[in-house]
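Asks: Sequence:
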Amino acid sequence: MRRPKYITIGIFVVIVLCALSFPFVSVASQTWEEKYKEEPYVFLRSERTVELRKDFTTLTTSRFVARVQKDGAKDMGEISVVYDKSREVVKDIQAFTITPGGEKLQSREIQDLALKKGYAVYSDERTKLITMPHVVVGSVIDWQVAVETTKPVIEKNFYDMIYLSSTVPVKVQKYTLVAPKDMKLHFKYINTDRKPIVTYSKDNVIYTWEISDIDKIEFEEYMPPWEEVYETVAISTLDSWEEMSIWAWNLFSKNLRLSDEMKKKANEITKGKKLLSDKVQTIIEYIQDDFRYVAMNMDFHSYEPHPSDHVFSNKYGDCKDYTLMGMAMLSEIGVKAYPVLFPSSTVFKKEGLLPMPTYFNHAIIFFEIDDKKYYYDLLHKGYYFYEIPAALSKRTVLVVNEKGGFFSTIPLMDESEVVTITEEHAVIQDDGIAIVEATALLPMELSISIREGFRNMPGDEQQKFFATFESAFSSGGKVLEREWKNLSTPHTKITVRLKYENSHRVQRVGDMMMFGMPQRPRGTLFTTPKRKYPIVFNANTRKEKRVTYLIPDGYEIVNLPKRITLNHAFAEYERIYQVNGNIISGKEVYEHKESRTPAAQYEKVKKFYDDVTRMTNDLIVIKKKG
0 MRRPKYITIG IFVVIVLCAL SFPFVSVASQ TWEEKYKEEP YVFLRSERTV ELRKDFTTLT
60 TSRFVARVQK DGAKDMGEIS VVYDKSREVV KDIQAFTITP GGEKLQSREI QDLALKKGYA
120 VYSDERTKLI TMPHVVVGSV IDWQVAVETT KPVIEKNFYD MIYLSSTVPV KVQKYTLVAP
180 KDMKLHFKYI NTDRKPIVTY SKDNVIYTWE ISDIDKIEFE EYMPPWEEVY ETVAISTLDS
240 WEEMSIWAWN LFSKNLRLSD EMKKKANEIT KGKKLLSDKV QTIIEYIQDD FRYVAMNMDF
300 HSYEPHPSDH VFSNKYGDCK DYTLMGMAML SEIGVKAYPV LFPSSTVFKK EGLLPMPTYF
360 NHAIIFFEID DKKYYYDLLH KGYYFYEIPA ALSKRTVLVV NEKGGFFSTI PLMDESEVVT
420 ITEEHAVIQD DGIAIVEATA LLPMELSISI REGFRNMPGD EQQKFFATFE SAFSSGGKVL
480 EREWKNLSTP HTKITVRLKY ENSHRVQRVG DMMMFGMPQR PRGTLFTTPK RKYPIVFNAN
540 TRKEKRVTYL IPDGYEIVNL PKRITLNHAF AEYERIYQVN GNIISGKEVY EHKESRTPAA
600 QYEKVKKFYD DVTRMTNDLI VIKKKG
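Going by numbering that gives the first Met the number 0, the first residue of the sequence shown is number 0, and it counts up by one from there.
Hints in this document: simulated from the structure, not taken from any laboratory. Incorrect hints may appear among the rest.
[To be verified] Capping the alpha-carbon separation at 20 Å, the derived lysine to any residue pairs in SDA-like fashion look like this:
1) Lys262 x Asp277
2) Lys264 x Ser312
3) Lys592 x Ala568
4) Lys264 x Leu274
5) Lys272 x Arg291
6) Lys272 x Tyr385
7) Lys542 x Ile420
8) Lys498 x Leu486
9) Lys393 x Arg595
10) Lys314 x Asp289
11) Lys393 x Gly351
12) Lys529 x Tyr601
13) Lys529 x Met75
14) Lys624 x Met513
15) Lys531 x Phe607
16) Lys170 x Asp212
17) Lys622 x Phe514
18) Lys263 x Asp308
Please build the complete structure, drawing on both the sequences and the hints.
Replies: Take a look at the structure:
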């Protein structure tokens, strides 16, 4: 979660504000104020009241009171209230700074700006930028804003997410929903059993959640996604995912326009291509190369793409626009494509969740060729349409169509594509300097990332990248020869070959020399004594190293480390050395496996990485004879 400098009004106001917090733990010997006195800032109050009307329009009033406690938090003096001018009206803003001396100063500098500079015509998102006066350590910032939603995101429907968790401590949090008595609402409690206090007025039912002394969520390495951590209450009037899918399909289909210019371009670029697969790839690469991505995603309920013929003319758009453009141009070559709503969470499953667009923040495309299903993200340059990047692997997505759509899980990325293979041949000289010839076969995703990055990288930046990469690869050695293969060849793995001289590779102690595997793994991933959350590896990462050492004449081996094999559900490590005359050969395999390990087994995980560190510090030792 980002820091709560920026405030987004609308359904997502509570997400961007991060003003809500995790299940609190009572500490008898320490007050909430004492516990968080060293935090850069804390929220003293976080309040939101949503008045839901019979026509599904809303009036949302939000108030936030924050105390600045460190110099680093003074940037909270600038607050952004984001709104969609096509369906939201900012009714009232009241903003004050209370100085450490108790003086109350009103903010009088409020600007109304386009959220995306240069794309104001293309986007309805704007921001009320509030500059707060006299924000210093000890100041209290108090701001309130009311926003009227004149048009619901989904016609005749309402949905909202209440986050009872945050990365920022909150003294008092309150959420109130005022809804008509006769309106049917669905509630879903996720990671929480906090039920609201329910009261009634003449025409309305009032739901109120109020919590005090709320702790913040502490970050842990490889922790589960926020959907598994945050206490959340989902509210929706939607009855089914089919209903939501048809709504999404209508947004795309009504803007699906294939102009004569688009038809001409599709036929022009695919002319001479006999295979349908080649035509598909050509259209995909045309969109990726000729259009400019502009980040106007679904974060603020912008679920409707712009008309595809407008996107074609303007030559830029966001993920939804790219998807719609792909649907339009693929239709010209006879391929029927559909939009896919892509979730923010790696563990999204529809089971147990209320239907609402909130879970999705990205759009990709789905189509079939010869009864084979393909999922493609047009923002992922460098891939064939049948290749699956790690970011898409195993994600549960919603394919939307006119019939209600369907959920599907994207297949796992090819295991062979996630392996880094390194081979080294080192000649150890009598003076301890190692002359090394090394080759690295980079995994496909890294190769694509480097290749695509180089496309628009200035020459001096390219040289800086080479220098940084080669320095790490050679452990700070002096590069004598270099070769980069497939750097400009699409859809291939990059191979790096270096010959370098390294005076640090071998440790000299008297008449002995010590050395081991290059760039030995260290058990620094998990260093804290305790852990609260499960350890989650979402994908496999495998590194294989093969090394040979030619030791100088006149030396004998006095220590050859024993074979190590550590194998767990979450990771594995293997190292083995063999001797043939004055040649020592070694192999090392180091892998993070796709896995989920309960926090109760944290000691086992921590011990594994500690063991790897300890065992890999066991070095080969050679000694001069005589």
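Asks: It remains to establish, for every hint, whether it holds in the given structure.
Replies: Results for each hint:
Taking the CA atoms of lysine 262 and aspartate 277, the gap is near 17 Å; set against the 20 Å cutoff, the hint holds. In summary, the hint linking lysine 264 to serine 312 is supported, as the alpha carbons are separated by about 12 Å, within the 20 Å threshold. Taking the CA atoms of lysine 592 and alanine 568, the gap is about 7 Å. The hint holds against a cut of 20 Å. A threshold of 20 Å between alpha carbons decides the hint, and for lysine 264 with leucine 274 the separation of about 18 Å falls inside it, so the pair holds.
Among the hinted pairs, lysine 272 with arginine 291 is inconsistent with the structure: their alpha-carbon atoms are about 26 Å apart, more than 20 Å. Of the pairs offered as hints, the one joining lysine 272 and tyrosine 385 holds, with about 18 Å between alpha carbons and a cut-off of 20 Å not exceeded. Of the supplied pair hints, the one linking lysine 542 and isoleucine 420 holds, its CA atoms being roughly 6 Å apart against a limit of 20 Å. With a CA separation close to 18 Å, the supplied pair lysine 498 and leucine 486 stays within the 20 Å bound.
For the hint linking lysine 393 to arginine 595, the alpha-carbon distance of about 14 Å falls within 20 Å, and the restraint holds. Straight-line distance between C-alpha atoms of lysine 314 and aspartate 289 comes to about 7 Å, which keeps the hinted pair within the 20 Å bound. A C-alpha spacing of about 19 Å is found between lysine 393 and glycine 351, which places the hinted pair at or below 20 Å, so the restraint holds. Under the criterion of a C-alpha separation no larger than 20 Å, the hint pairing lysine 529 with tyrosine 601 is consistent with the structure, at around 8 Å.
Straight-line distance between C-alpha atoms of lysine 529 and methionine 75 comes to about 33 Å, which puts the hinted pair past the 20 Å bound. Taking the CA atoms of lysine 624 and methionine 513, the gap is near 15 Å; set against the 20 Å cutoff, the hint holds. Pair hint lysine 531 plus phenylalanine 607 holds up; C-alpha atoms about 18 Å apart against a cutoff of 20 Å. Distance check on the hinted pair: lysine 170 and aspartate 212 sit about 5 Å apart at the alpha-carbon level, within 20 Å; holds.
A distance of roughly 12 Å separates the Cα atoms of lysine 622 and phenylalanine 514; the hinted pair therefore holds under the 20 Å criterion. Restraint check for lysine 263 and aspartate 308: the C-alpha separation of about 13 Å stays at or below 20 Å, so the hint holds.
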